[in-house]
Amino acid sequence: QCYDMYLPSSTGCYYDKLSVSLSGDSNLADAQQRCGTTTFNVQTSYNKLVVALQGSTSTVGGRFRCQITAVKIPCDCGRRKTATIYNGFPTKANEYPMMSALVDVSSKEVVCGSTIVTDRHALTAAHCLLKRTVTGTALLVGDQNIKIGTDTPYSVVMLLSSFISHPNYNAAAKTNDIALVRTTNTIVFNAGVGRVCLPFRFGTSTFAGAAVTALGWGTIDFGAPMSPELLQTTLSVIAQTDCSTKLSRSIQASQLCAFSSKNDTCQNDSGGPLYYIDPNSQLVYEVGIVGFGVGCGSAFPSVNTRVTSFLDWIVANTGYTFCEK
Numbered sequence: 001q002c003y004d005m006y007l008p009s010s011t012g013c014y015y016d017k018l019s020v021s022l023s024g025d026s027n028l029a030d031a032q033q034r035c036g037t038t039t040f041n042v043q044t045s046y047n048k049l050v051v052a053l054q055g056s057t058s059t060v061g062g063r064f065r066c067q068i069t070a071v072k073i074p075c076d077c078g079r080r081k082t083a084t085i086y087n088g089f090p091t092k093a094n095e096y097p098m099m100s101a102l103v104d105v106s107s108k109e110v111v112c113g114s115t116i117v118t119d120r121h122a123l124t125a126a127h128c129l130l131k132r133t134v135t136g137t138a139l140l141v142g143d144q145n146i147k148i149g150t151d152t153p154y155s156v157v158m159l160l161s162s163f164i165s166h167p168n169y170n171a172a173a174k175t176n177d178i179a180l181v182r183t184t185n186t187i188v189f190n191a192g193v194g195r196v197c198l199p200f201r202f203g204t205s206t207f208a209g210a211a212v213t214a215l216g217w218g219t220i221d222f223g224a225p226m227s228p229e230l231l232q233t234t235l236s237v238i239a240q241t242d243c244s245t246k247l248s249r250s251i252q253a254s255q256l257c258a259f260s261s262k263n264d265t266c267q268n269d270s271g272g273p274l275y276y277i278d279p280n281s282q283l284v285y286e287v288g289i290v291g292f293g294v295g296c297g298s299a300f301p302s303v304n305t306r307v308t309s310f311l312d313w314i315v316a317n318t319g320y321t322f323c324e325k
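Position 153, counted from 1, in the sequence shown is what UniProt numbering calls 153; the numbers after and before it change by one each time, with no gaps.
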């Protein structure tokens, strides 16, 4: 709340102005500008706000008073901008603010996908952490094109403090393939970085027949180079029994199969998400974690971790209270 404000007026507040960026952009690219005599209230759902007083060299001066209060937002998750994946297509910059990636500190290469679930945790696959160290791995948030540093102002590389893999992860059977990584510092939420919704309200749903969105910087085909751009593609969830028949192997209830005749997840997309977008609220829920498949774009479905089977584990190992939208 800003009150008792007086700054010299000018057309479009060209000279003296109070600028407020609700996204926390220090460059004030999206700032609202005010001048003259006024009182106003603004609110942001992000955890950073930038307020700047800008004046001309010939200003006669002025004054303003603002009171800034931190309020706890009861529930904020799954936002997206509306407007490596086999045969996929690029996302808009920061279209999915919850999308993140595990990167190798030395090579700076993406090794796996991940999804932000709290301001200190990202969800990924346990197999992504095999033979990796905490100090040798970082979390990339807010990025779109990993080869261009100026495509989005929200890209940040976060150091990690710990890995938490599921204690019953079985590398041979590829079951319970889920893990959390914890960042050393708090992840700042803004227009390009946010958390996904976890599917508490879909606890009994199999999602069979539902469309899900897969994202990743993985290879664009088997053995091909990785995509510099974040790609997305749409897959259909396959019923557990049908998946078991197609793959001639047992599929557990804690696994989720997905398939498309044209598109697929591919190498280095592991650990990334399968997002379900609620048709009513348009909120993004992570219902699957990319696991394994037979090549890329084959006639067989991929097998992924079903997130609804591990909600209690996620809550217990983050210590957070989650949105249950």
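Please keep in mind that the hints were generated in silico from the structure rather than gathered at the bench.
Every residue, glycine too, gets a C-beta built ideally from N, C-alpha and C.
Do not rely on the hints blindly, as some may be mistaken.
[What the hints assert, rightly or not] In silico DSS-like pairs for lysine-lysine, Cα to Cα no more than 25 Å straight-line:
{"#": "1", "residue 1": "147", "residue 2": "174"}
{"#": "2", "residue 1": "92", "residue 2": "108"}
{"#": "3", "residue 1": "92", "residue 2": "147"}
{"#": "4", "residue 1": "174", "residue 2": "81"}
{"#": "5", "residue 1": "131", "residue 2": "174"}
{"#": "6", "residue 1": "81", "residue 2": "48"}
{"#": "7", "residue 1": "325", "residue 2": "48"}
{"#": "8", "residue 1": "246", "residue 2": "174"}
{"#": "9", "residue 1": "92", "residue 2": "48"}
[Claimed, not checked] What follows is a list of derived Cβ distance ranges for each label pair:
{"#": "10", "residue 1": "59", "residue 2": "150", "range": "30 to 36 Å"}
{"#": "11", "residue 1": "147", "residue 2": "246", "range": "34 to 40 Å"}
{"#": "12", "residue 1": "208", "residue 2": "170", "range": "23 to 29 Å"}
{"#": "13", "residue 1": "92", "residue 2": "170", "range": "36 to 42 Å"}
{"#": "14", "residue 1": "14", "residue 2": "41", "range": "51 to 57 Å"}
{"#": "15", "residue 1": "173", "residue 2": "311", "range": "20 to 26 Å"}
{"#": "16", "residue 1": "27", "residue 2": "246", "range": "48 to 54 Å"}
{"#": "17", "residue 1": "185", "residue 2": "55", "range": "54 to 60 Å"}
{"#": "18", "residue 1": "63", "residue 2": "27", "range": "23 to 29 Å"}
{"#": "19", "residue 1": "136", "residue 2": "40", "range": "21 to 27 Å"}
Results for each hint:
Between the alpha carbons of residue 147 and residue 174 the distance comes to roughly 32 Å, so the proposed pair goes past 25 Å and is violated. With a C-alpha separation of about 23 Å, the suggested pair residue 92 and residue 108 falls inside the 25 Å cut-off, and the hint holds. With a C-alpha separation of about 16 Å, the suggested pairing of residue 92 with residue 147 holds against the 25 Å cut-off. Between residue 174 and residue 81 the CA atoms are separated by roughly 34 Å; this puts the pair beyond 25 Å, and the hint is violated.
Between residue 131 and residue 174 the CA atoms are separated by roughly 16 Å; this keeps the pair inside 25 Å, and the hint holds. As the CA atoms of residue 81 and residue 48 are separated by approximately 19 Å, the hinted pair is consistent with the 25 Å bound. The suggested pairing of residue 325 with residue 48 holds, with an alpha-carbon distance near 24 Å, which does not exceed 25 Å. Of the supplied pair hints, the one linking residue 246 and residue 174 holds, its CA atoms being roughly 17 Å apart against a limit of 25 Å.
Between residue 92 and residue 48, the direct Cα distance comes to roughly 23 Å. Compliance with the 25 Å bound is thereby established for this hinted pair. Roughly 33 Å separates the CB atoms of residue 59 and residue 150, a value that falls within the hinted 30 to 36 Å. Separated by about 36 Å at the C-beta atoms, residue 147 and residue 246 satisfy the suggested range of 34 to 40 Å. Distance hint check: the CB atoms of residue 208 and residue 170 are about 24 Å apart, consistent with the given range 23 to 29 Å.
For residue 92 and residue 170, the Cβ-Cβ distance of about 38 Å falls inside the hinted range of 36 to 42 Å, so the restraint holds. Distance hint for residue 14 and residue 41: a CB-CB separation of about 24 Å, inconsistent with the stated range 51 to 57 Å. The hinted window of 20 to 26 Å between residue 173 and residue 311 holds, with their beta carbons roughly 21 Å apart. Judged by the Cβ atoms, the range 48 to 54 Å given for residue 27 and residue 246 holds: they are separated by roughly 51 Å.
Judged by the Cβ atoms, the range 54 to 60 Å given for residue 185 and residue 55 is violated: they are separated by roughly 34 Å. Restraint check, residue 63 to residue 27: a C-beta distance of roughly 25 Å satisfies the suggested window 23 to 29 Å. Evaluation of the 21 to 27 Å hint for residue 136 and residue 40 yields a failure: the beta carbon distance comes to about 48 Å.
Comparing the model with each numbered hint stated earlier shows that hints 1, 4, 14, 17 and 19 do not hold.
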